[in-house]
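Please model the complete structure; the sequences and the hints are all you need to start from.
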Amino acid sequence: MAYINRALTLDDDAGARVIDGDELNTLQSTVMMALEADQEEDGLPASFYGTKTVCGEFTLGAGVEGLALDMGYEYWRGVPYDFRNRMCTITLCTVPAANCLPSGANHTPTNISATYRARFNTRAGQAIGGFTTQAWNPVADLYVYADSTNGHLYADSGGAGYYFYFMATFTPSITTAFIGDHRQKSMADVARVDSKMFREYEDQGTYLIESSGGEEAGMPATFIGGTRLHGEFTITDPGGGVTKVIDSSRDWREAVTLWRFDDVAAASELPSGANHTPDDSQSPNWMVWDVQGGYALGGGFPPAANTPTWQPIFGVNLWLFVNAANGNLVAHSTTGGTLYVYFDIIMTAATA
Amino acid sequence: MPAANVVADYTLGTLEELYGSDWNEIQDRTEIIVAATEEEGNMPDLQWDEASGATGFAGGTWLYGEMTLANNTTKVIDNTSGYLDCWADMYVVTVANAADLPTGGNHDPTNNIIVVANELWDTRDGADPAGGFGGGDYAWNHSGDLWLFADDANAGLSARNDAGGGAILFYYLILMTGPAR
Chain A
1 MAYINRALTL
11 DDDAGARVID
21 GDELNTLQST
31 VMMALEADQE
41 EDGLPASFYG
51 TKTVCGEFTL
61 GAGVEGLALD
71 MGYEYWRGVP
81 YDFRNRMCTI
91 TLCTVPAANC
101 LPSGANHTPT
111 NISATYRARF
121 NTRAGQAIGG
131 FTTQAWNPVA
141 DLYVYADSTN
151 GHLYADSGGA
161 GYYFYFMATF
171 TPSITTAFIG
181 DHRQKSMADV
191 ARVDSKMFRE
201 YEDQGTYLIE
211 SSGGEEAGMP
221 ATFIGGTRLH
231 GEFTITDPGG
241 GVTKVIDSSR
251 DWREAVTLWR
261 FDDVAAASEL
271 PSGANHTPDD
281 SQSPNWMVWD
291 VQGGYALGGG
301 FPPAANTPTW
311 QPIFGVNLWL
321 FVNAANGNLV
331 AHSTTGGTLY
341 VYFDIIMTAA
351 TA
Chain B
353 MPAANVVADY
363 TLGTLEELYG
373 SDWNEIQDRT
383 EIIVAATEEE
393 GNMPDLQWDE
403 ASGATGFAGG
413 TWLYGEMTLA
423 NNTTKVIDNT
433 SGYLDCWADM
443 YVVTVANAAD
453 LPTGGNHDPT
463 NNIIVVANEL
473 WDTRDGADPA
483 GGFGGGDYAW
493 NHSGDLWLFA
503 DDANAGLSAR
513 NDAGGGAILF
523 YYLILMTGPA
533 R
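Here the protein sequences come in this chain order: A and B. Counting in the numbering used here, the first sequence runs from 1 upward without gaps. Counting in the numbering used here, the second sequence runs from 353 upward without gaps.
Honestly, the hints are just simulated from the structure, not real lab data. Even glycine gets a Cβ: it sits at the ideal position worked out from N, Cα and C.
Which residues of chain A face chain B? A partial, calculated answer using Cβ under 7 Å:
#  : residue
1  : A34
2  : G56
3  : T110
4  : M167
5  : H182
6  : R183
7  : A191
8  : T206
9  : V288
10 : D290
11 : A305
12 : P308
13 : Q311
Computed footprint of chain A on chain B, listed as stretches where at least three residues anywhere in the stretch have a Cβ under 8 Å from a Cβ of chain A:
#  : segment
14 : 379-388
15 : 412-421
16 : 452-462
17 : 468-474
18 : 486-496
19 : 514-526
Put into structure tokens, the structure is as follows:
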């Protein structure tokens, strides 16, 4: 295979050697890390960082229940992965026939029947064939869920069969502190890391870089590496507008961002809430944009056209932007009411 | 880059022993991509196997950039690696004017967007832009006249404008996995 995601390639066949300091720094500078937003308000565990993305294609027969999508086997660790109580960001495509799946002879983008996207907490899951609200129901008879007894990832058909494929990112548990359950290998504190392990880890990681070819805007060579933030917040405008800091852990100015944004009707329907179900989201939305130098809080709301602010819900007076004064990521509402929001944001390093 | 992404700042150009604790911290914070364990698509070596070193469908790269693409032209988006047989999660936004691009003075995600599109697909064995594309090609047509594909001649990730009009301006964030086969 072409090792498209390696920051550098080490010669592991020559035997293990000590990692060079700049080799490790290169890895850290290009790899994508996933963290909790520091103003996140619902007490996620301190171990809430890192993610695992799984992908694959499947044939689900009509009426079949309990089709295993991922059973959590990770041979390098010997510890099963448990999909319960994790934030899931998923894109799932259905196709009309087996040969239109990615491995099939007729797979083309044109032959995709439909594409579905969602973000939700898998919570405690459901039993096979349970068809409860804890399963994601993207289309009529298709259900995807974590099994409530063993934590495996399953799909059920409530009638029709499906050919589908998906890519889904799972955070650590939002309720239980799991340390390192998506590690390639756990190391003793003083153990040496050799070049072979380093290289293998590079192959599994996710990197973020500027494209090499037609990109033409002259973004700097330092435009590499990124962070993925998860969180939820409640914003209440008592009248006259309110600003809420979403993240102040870093300077967001000049970053390129990919937002996946959702809002729900009540606090109890947020991912940490007692009534959260995968299909609660009212306005799932996404946007790629460059936050540029930010927007001044004194600039007024609604912001004028041609300003780096995003209004994620059509017709609702909520804006997301970076505070030009300090680089904090903030939300501003002039709705006169309360909004319940959760998000998954990928940000690059600064582009200017 | 944000300092929060650095777990431990090692000295440039020196051979330093990397402590297991730092390595664990990096692993904990990093995003990883693997195939689902029960994946059924005839993709060999889908699971990480430390003993054999098989990597298969593991790992990925996010690519970001912006582009102006004249009519009836093809441009390479990225050619640092081969992009045949990769899964692509593509987010693309088209705008009307150069000033609306992220590096432009009027960049505004609320007001200045023509089309936003996202698709998840397999680039397969690529496509040949000569003669234009059709529905049977391994190319994604996200807005009627703009195609994204892996070029079967060189495996580079590429864009093609066959609108029959002027230039198309767009920006993108694209996750490319490692090859699936």
